[in-house]
Amino acid sequence: MKNYTPIIGLEVHVELKTASKMFCRCSANYFGREPNTHTCPVCLGFPGALPVANAKAIEWCIMIALSLNCEINLLSKFDRKNYFYPDLPKGYQISQYDLPFGKNGSMELKNGKKIRIRRVHMEEDTAKLTHIGHPKLVSGSNVDKKMLNQVQHDNVSLIDFNRSGVPLVEIVTEPDFESASEVKEYLQKLQQIVRYLDVSNADMEKGDMRLEPNISLRPVSLRGVSPKETDEAISKRSPRSARDDSALPPYKVEVKNINSFRFVEKAIDFEIKRQANDYRYFPEPDIPPIHFTKDQISSLESQVPELPDARFSRFLREFSLTEYDSKILTREKNVANYFEEAVSIGKEHNISPKQIANWIINKKPNVNDVLPASLVKQIVSSTQVTSIDEADLEKVILQVLSENQKAVDDFKNGKENVIMFLVGQVMRQFKTKINANSVKELILKSIGD
Amino acid sequence: MIYKLTIKKAKEWLANKEFSSAELTKACLDRIKETDETLRAFVTITEAHALEDARRADELIANGDDKPLLGIPFVIKDNFSTVGVQTSASSNVLRGYVPPFDATVVAKLKEAGMVMLGKTNMDAFAHGSSTETSDFGTTKNPWNPEFLPGGSSGGTGASVAADQAIAGIGSETAGSIRQPAAWCGIVGLKPTYGRVSRYGVVAMASSTDSPGPMTKIVEDSALVLNVLAGKDPHDATSSPKPTKDYTKGLNKSIKGRKIGISAKYIEGIEKDVLKAFEEARRVFEKLGASVVDIADLGIDILDPQYSIGVYTILQRAEVSSNLARFDGIRYGNDRSAFGDEAKRRIMLGTYTLSAGYYDAFYKKALKVRTIIVNEFHKMFEEVDAFIAPTSPSPAMPLGSSKNHPMFGEMADVLVEPSSIAGLPGINVPAGFSSNKLPIGLQVMGTQFAEDTILNLAHEFEANTEWHLRKPEL
Chain A
1 MKNYTPIIGL
11 EVHVELKTAS
21 KMFCRCSANY
31 FGREPNTHTC
41 PVCLGFPGAL
51 PVANAKAIEW
61 CIMIALSLNC
71 EINLLSKFDR
81 KNYFYPDLPK
91 GYQISQYDLP
101 FGKNGSMELK
111 NGKKIRIRRV
121 HMEEDTAKLT
131 HIGHPKLVSG
141 SNVDKKMLNQ
151 VQHDNVSLID
161 FNRSGVPLVE
171 IVTEPDFESA
181 SEVKEYLQKL
191 QQIVRYLDVS
201 NADMEKGDMR
211 LEPNISLRPV
221 SLRGVSPKET
231 DEAISKRSPR
241 SARDDSALPP
251 YKVEVKNINS
261 FRFVEKAIDF
271 EIKRQANDYR
281 YFPEPDIPPI
291 HFTKDQISSL
301 ESQVPELPDA
311 RFSRFLREFS
321 LTEYDSKILT
331 REKNVANYFE
341 EAVSIGKEHN
351 ISPKQIANWI
361 INKKPNVNDV
371 LPASLVKQIV
381 SSTQVTSIDE
391 ADLEKVILQV
401 LSENQKAVDD
411 FKNGKENVIM
421 FLVGQVMRQF
431 KTKINANSVK
441 ELILKSIGD
Chain B
1 MIYKLTIKKA
11 KEWLANKEFS
21 SAELTKACLD
31 RIKETDETLR
41 AFVTITEAHA
51 LEDARRADEL
61 IANGDDKPLL
71 GIPFVIKDNF
81 STVGVQTSAS
91 SNVLRGYVPP
101 FDATVVAKLK
111 EAGMVMLGKT
121 NMDAFAHGSS
131 TETSDFGTTK
141 NPWNPEFLPG
151 GSSGGTGASV
161 AADQAIAGIG
171 SETAGSIRQP
181 AAWCGIVGLK
191 PTYGRVSRYG
201 VVAMASSTDS
211 PGPMTKIVED
221 SALVLNVLAG
231 KDPHDATSSP
241 KPTKDYTKGL
251 NKSIKGRKIG
261 ISAKYIEGIE
271 KDVLKAFEEA
281 RRVFEKLGAS
291 VVDIADLGID
301 ILDPQYSIGV
311 YTILQRAEVS
321 SNLARFDGIR
331 YGNDRSAFGD
341 EAKRRIMLGT
351 YTLSAGYYDA
361 FYKKALKVRT
371 IIVNEFHKMF
381 EEVDAFIAPT
391 SPSPAMPLGS
401 SKNHPMFGEM
411 ADVLVEPSSI
421 AGLPGINVPA
431 GFSSNKLPIG
441 LQVMGTQFAE
451 DTILNLAHEF
461 EANTEWHLRK
471 PEL
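Quick mapping for you: the protein sequence lines, in order, are chains A and B. The first sequence: position 405 = 405 (my numbering), numbered continuously. The second sequence: position 210 = 210 (my numbering), numbered continuously.
No wet-lab data here; the hints were simulated from the structure. Among the clues, some could well be false.
[What the hints assert, rightly or not] Computed cross-link-like contacts, DSSO-like style, restricted to lysine-lysine with a CA-CA straight-line distance of at most 27 Å: (1) B/264 x B/367; (2) A/354 x A/333; (3) B/4 x A/77; (4) A/77 x B/367; (5) B/264 x B/343; (6) B/17 x B/4; (7) B/264 x B/241; (8) A/113 x A/103; (9) A/206 x A/294; (10) B/244 x B/110; (11) B/255 x B/67; (12) A/415 x A/377; (13) B/367 x A/103; (14) A/440 x A/412; (15) A/333 x A/113; (16) A/103 x A/17; (17) B/275 x B/470; (18) A/77 x B/241; (19) B/67 x A/294; (20) B/110 x B/264; (21) B/363 x B/8; (22) A/77 x B/231; (23) A/377 x A/395; (24) B/231 x A/56; (25) A/56 x B/378; (26) B/4 x B/248; (27) A/113 x A/56; (28) A/103 x B/363; (29) A/77 x B/363; (30) B/248 x B/17.
[What the hints assert, rightly or not] Looking from chain B toward chain A, a few residues come up when the C-beta cut is under 8 Å (computed): (31) 55; (32) 200; (33) 201; (34) 305.
Beta carbons are placed, not taken as given, at the ideal position from N, Cα and C, and that holds for glycine.
Given only the sequences and the hints, what does the whole structure look like? Please build it.
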């Protein structure tokens, strides 16, 4: 175990939430829809049908690339990746090979380590296959019931083309991860970023975000050598594992019982897999190359909102929040926006950002239902202390203490938490809200006396 | 005999109520019945549709509608998707496939009022220059049924030459319009790549496929191009460049026009073809154009034979990918239904795209293509057009392509350079061989210079009588 360290590279597919598909005008929103209702000659791959690229999807892909600190290729193009599979109606996938929209980016992890992003490219999703054994075995799954009834045989595979041609952005890292926790942090950050950009729901359960880790081991003595795969090697990997929607990422790298034979085997397997797949990439002749001007790219750059990392640092700085608070508040863009809006309203009512942060984190208001202004109002009223004549208060306290002699004795005998019971009893005597702390102090004073 | 009319004449006569579209359509259908047992130009005859289209056209004509092709009977090559009508591309793989959508070209023709008589035969998946690779039988040349009509648009070529239709539609990847037009003795216009939408045309080589008209006279091609040309939102490679009225300027004097020729385009061609070409050259000179050997202008071009290599590699590569969708899952027939030619092309294309060979073949071919494009570019800075024989020989006998996998490439050697450069070219009838087969002349121009080549072809036609001869059937 001491002799090897895992090296992990990730390929993540993010499905964009554009209104229409990548190369046709069908709706891209397929989740839960009746199978094969969002289809046309283009996404069914009919003879003669031609792809026309979705400009919005390309812009979003570039925004993702920019958010990952990538260089943008001003000249880019689509390529055909040729292979046979029943979910691929054209017999090739339109993807990008040597000129991806983004390249050479990076993402910094909290330990300061930079994960290098090799490329960010655009492609199309495939249709969805459902393999059915006996229909009884799949009852309860999300296979369309009507469709199931039409199935006459016990062993069939169903194809739903609603997903065929949905825009997919593939983000490929260098093999820079050395632990499962690094992978996890990277994925969470990536998910946050695309959600901040508002270009994908990145819901892993729905298959909006899918991953394919490439794990291998290297002897520790090679540490410091930073392996860089060639585009060719990456392009030859099997696409299969990336499309199994249900497959969860094996975050854990099995490091027990590793010996050199195992390492050799892995290396050989990888090499076999690499050489067995030849996708015969060539430039997609149906789509002309895509040229951007620097101005177009800067205009897209200006549309990239403040990203989670930057916002996190700003919250620390600007609102004097703790790292814990800032992290929770910046996890989702709408919560962070909500917080900032509440802060600016709260300023007028002398409510501090910290108070608002506490309220949001502890009470978890539904940010879609409760307006920031109402939230501030709630905080204001909760902190408003009705001033009560101190003499009245003392009178009530003395009465409560006399009625609860046992509690008073318990307190004196060391049961300190009994005090809160007494505070509650006092506060019940008042219809308006009063400051619990001052009640507590007065009780302590009375008992002490 | 009204089936012999051109679009131009038929339009006039329809407008003057000399006859109805129904009568004209019926005449064509009768002509088809009379001749197609011999010619085999059709894969599908859509008689009922045609009569219905004609009836509707007559109603519109009665209401004074003047759509550009209203009531004109057309034939369409079988690789154009036609909603509700089998589109087989003459391959067993697609036998029985009925598309749910129209190719843009078909949609535009319908919008313009065309009557569709049927779908014409072709080399299967347009792989060939003879129609002998069709899975629906070989089409015969109307001038002599012992000879080939050329291809791949051989069905449309033969059909229009035999007056089964007033006009037709073909598609050219490298020669598939011009070569059958030459062998059948009609006009065939291959527009600039991107001038006419490819949407719905069963793809052969996506980077060169160009649909275009095949007609009896040059003016008809201009009329049809007016309907077809333009940006199509469904085809990203279609050009946004504004179109023109291509019928205007056909009669313009060509005096002072500079026309290029090259010895490299007449090396090794048949004697009769050379003779016809020399005569054609004199016609242009008589009309006041100057015909110059581009070598005398200091312009060197690659021998057209190099384009065969380039074309073969690029086209086979694209074919291997374009035919992948016929994977046996959805079109009823599995991949064993591919003919030998398709299989050969799939294997060659797959090979040239394979890892380790891509650089040696595909990439190199792309580089040579760029050289050829640049050569033409330079040439057209010096000359207005370039003329050459369309095919090195007149039609060849039936069976010529069998056992000659490179038959098509050899027959198309003179059109392939301009095809891989995406340039427009037009074939006009320019003579006959000693065995009474038509010979064609091609006029090529720079990108989007359809108006220039139509003008030159029209003036040539107006001063020759080759287009007036009709085959005896």
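Results for each hint:
no., hint, result
1, B/264 x B/367, "holds (21 Å)"
2, A/354 x A/333, "holds (18 Å)"
3, B/4 x A/77, "violated (48 Å)"
4, A/77 x B/367, "holds (17 Å)"
5, B/264 x B/343, "violated (33 Å)"
6, B/17 x B/4, "holds (17 Å)"
7, B/264 x B/241, "violated (32 Å)"
8, A/113 x A/103, "holds (19 Å)"
9, A/206 x A/294, "violated (36 Å)"
10, B/244 x B/110, "holds (20 Å)"
11, B/255 x B/67, "violated (34 Å)"
12, A/415 x A/377, "violated (37 Å)"
13, B/367 x A/103, "holds (26 Å)"
14, A/440 x A/412, "holds (15 Å)"
15, A/333 x A/113, "holds (24 Å)"
16, A/103 x A/17, "holds (22 Å)"
17, B/275 x B/470, "holds (21 Å)"
18, A/77 x B/241, "holds (21 Å)"
19, B/67 x A/294, "violated (46 Å)"
20, B/110 x B/264, "violated (42 Å)"
21, B/363 x B/8, "violated (46 Å)"
22, A/77 x B/231, "holds (20 Å)"
23, A/377 x A/395, "violated (32 Å)"
24, B/231 x A/56, "holds (21 Å)"
25, A/56 x B/378, "violated (38 Å)"
26, B/4 x B/248, "holds (24 Å)"
27, A/113 x A/56, "violated (33 Å)"
28, A/103 x B/363, "holds (23 Å)"
29, A/77 x B/363, "holds (16 Å)"
30, B/248 x B/17, "holds (26 Å)"
31, 55, "violated (29 Å)"
32, 200, "holds (4 Å)"
33, 201, "holds (5 Å)"
34, 305, "violated (24 Å)"
Violation of the numbered hints given earlier is confined to hints 3, 5, 7, 9, 11, 12, 19, 20, 21, 23, 25, 27, 31, 34; the remaining hints are satisfied by the structure.
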